[in-house]
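In case you want the letters, here they are:
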Amino acid sequence: MATVTFDHVYKRFPGDVVAVNDLNLQVADGEFLVLVGPSGCGKTTALRCVAGLETISDGELSIGDQVVNDVAPKDRDIAMVFQSYALYPHMSVYDNMAFGLKLRKMSKTDIDARVREAAGILGLDRYLDRKPKALSGGQRQRVALGRAIVREPKVFLMDEPLSNLDAKLRVQTRAEIARIHRRLGTTIVYVTHDQVEAMTMGDRIAVMKDGLLQQIGTPEELYTHPANLFVAGFIGSPAMNFVTVTTAGGELMMGETKLSLGGEPARVAAAQTPGKNLTIGFRPEHLVLANGSDGQAMRFPAVVDVVEYLGNEELIHARAEGNDIVALLPSDRKVKAGDNVELAVPLDRLFVFDPETEKALVS
Amino acid sequence: MTDKLITAAIVVVGVPGVLIGYIWATEQVLRILPERRRPAIRPWLWLAPALAFLALFLVYPMIGTILRSFQDSLGKTFVGLDNFFWFFGSADALSALKNNLLWLIFLTLFVVGFGLLVAVLVDKVKYESFAKSVIFVPLAISMVAAGVIWLYMYQYKPPGAVQTGTLNAAVGVAGLGPIPWLQIEDFSVNTFMLIIVMAWMWTGFAMVIISAALKGINPELMEAARMDGATEWQVFRGIVFPLLVPTLVVVSTTMIITALKAFDVVFTMTSGNLNTNVIANEMYAEMFKFGQYGRASAIAVVLLLAIIPIMFFNIGRFRAQEAVR
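As they're listed, the protein sequences go chains Z and L. Quick note on the working numbering: the first sequence kicks off at 24 and runs consecutively. Quick note on the working numbering: the second sequence kicks off at 333 and runs consecutively.
Any given hint could be a false lead.
BS3-like, lysine-lysine: derived pairs with alpha carbons at most 27 Å apart [claimed, not checked]:
1) Z:K97 x L:K456
2) Z:K156 x L:K547
3) Z:K131 x Z:K156
4) L:K547 x Z:K97
5) L:K547 x Z:K154
6) L:K593 x L:K430
7) L:K458 x Z:K97
Keep in mind the hints are simulated off the structure, nothing from the lab.
Take these sequences, add in the hints, and give me the full structure.
The following block contains the structure:
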């Protein structure tokens, strides 16, 4: 087991592409860290740098106490689970898992013990003689995990390991990986584009965009205190609503609607130069139908566009002063398309961002 | 001149015309049939011309050859298995058979070995396509031309004379030689010299096919092996090579067939003299030099029988590979 440390790491590709831009990040020993971001954000490249499959252009990358900039992948003692699983097609499940151990010149009995133990954990006992082609997607995925587990490496790297599974299997395997992590306690760096995976699995989440680290923190920190517009919009499902408002003479205007703010958001708004725009964010699950009595809330009128019934809840798509608003309401509210409603957000649930720097002013 | 142009014009316009006309005619015929039977019949109608040509120019001559192999030199009387007894009793024919065995083993080894080596080595260099083109070019040369080129390569002048042969010139620079490459019968050195010519031609073929198979291997497999702790050699031994085996088998069987049919290079370079003869050349000599139609046909039949099992094996492999896809 070991820590993984990125110290001002850069990865540049020919043609002025900076895939990883000044990444500083420390993964603690035994931590489950998720690298998340949209495709092309550099998360997979960062992972491949740890694996040694890409050489870093600048900076220092350490595993444990060892700087590994010039260490070949085979000498880094880390295991990787690939998106395509990358199972050796000409080998049985057993041999797939034993390959790395054989290369380490481990004794036959030790290899056998480790492979059978991993197969037990993953429920693969019955398939050890099969070739990968004769397995289902979920089984292949578990063989790929098994191949990593038997090695007992310092660090596990996982590159979107669930993206080729169907929705139900994905939820199952998600729990399985979390269970394996608890059992083995090995450091895991996990790459995904799916913020739900990130939120449910990670001890901490590092959000990346365009090669830059946006924010790192626990799932709760990212949800309650996003550092900027991108993180606010990326974390949470359905995504956060954003509306642009203008400061005018101590008032906040959303189009023609005057917004009444109090507390921290109001103080921040008052501190702005008049005429400056601000972006206000609020999550769909924090919107309620205003009932007139809640003073500690920002209220605005909206016209309901579409109602999506989800069972316990309804997803309301509404328009307010030209902004698209999504609200998650209990389904007993009986809102219908075309209704005029007044929506309210509790003041302590409001986020305020500077639209120019995209940084959070209140979160 | 005008005649030729007219002929050319007739061919250029006529051949596609006949083709289109044939397809049109088959569709007319198909209209008579009930609709649900048409899909079953249509492919046969389209195949019919090709099958007719194959029957006329391949099957019919083959049957004729087999018949003739049991007849005397003039093709008048049946002589039973005499021609085959002659073949397996003749020192010349057996020497040719032995040489063919050398061809079969070493041409296949050289071509597959070098093809694999080049395919793997050029796989990751920037000038890959250039290097591959250079290696592939000899395949485009006619075998007779290749024979002539290599006659110059191997050319031998008596000691003291200026060595115009490329190899002897090179050996001369090192202070050795000259060596009469094509005249050394010990250890079949001259036959090996001929095999090298053929290997030079066919290495490009093997390289292209192996290279394509190599590109078809998911690079993540090699990365996974590296992460598992494999050195580059272990990646090749443990992952790449096993995945290339089906392709190597197909290339090998193709080369075995090529070796059994070897003729042009031998004919142009040594005419089969000095113990370099091969079966195909022996057949040619019996047929056109000695007028022994029966014997020549018997040799052809032996060659055919030798190739058939390999062909079936090759087709089997090919089908198995297609099924995997």
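Here is how each hint holds up against the structure:
Restraint check for K97 of chain Z and K456 of chain L: satisfied, since their Cα atoms lie roughly 20 Å apart, inside the 27 Å limit. At most 27 Å may separate the alpha-carbon atoms for a hinted pair to count; K156 of chain Z and K547 of chain L meet this at roughly 20 Å. For the proposed pair K131 of chain Z and K156 of chain Z, the alpha carbon gap of about 26 Å is at most 27 Å, so the pair holds. This hinted pair checks out: K547 of chain L and K97 of chain Z have alpha carbons roughly 23 Å apart, not beyond 27 Å.
Distance restraint check for K547 of chain L and K154 of chain Z: the Cα-Cα separation of roughly 22 Å lies within the 27 Å cut-off, and the hinted pair is therefore satisfied. Distance check on the hinted pair: K593 of chain L and K430 of chain L sit about 14 Å apart at the alpha-carbon level, within 27 Å; holds. At most 27 Å may separate the alpha-carbon atoms for a hinted pair to count; K458 of chain L and K97 of chain Z meet this at roughly 25 Å.
The structure shown violates none of the earlier numbered hints.
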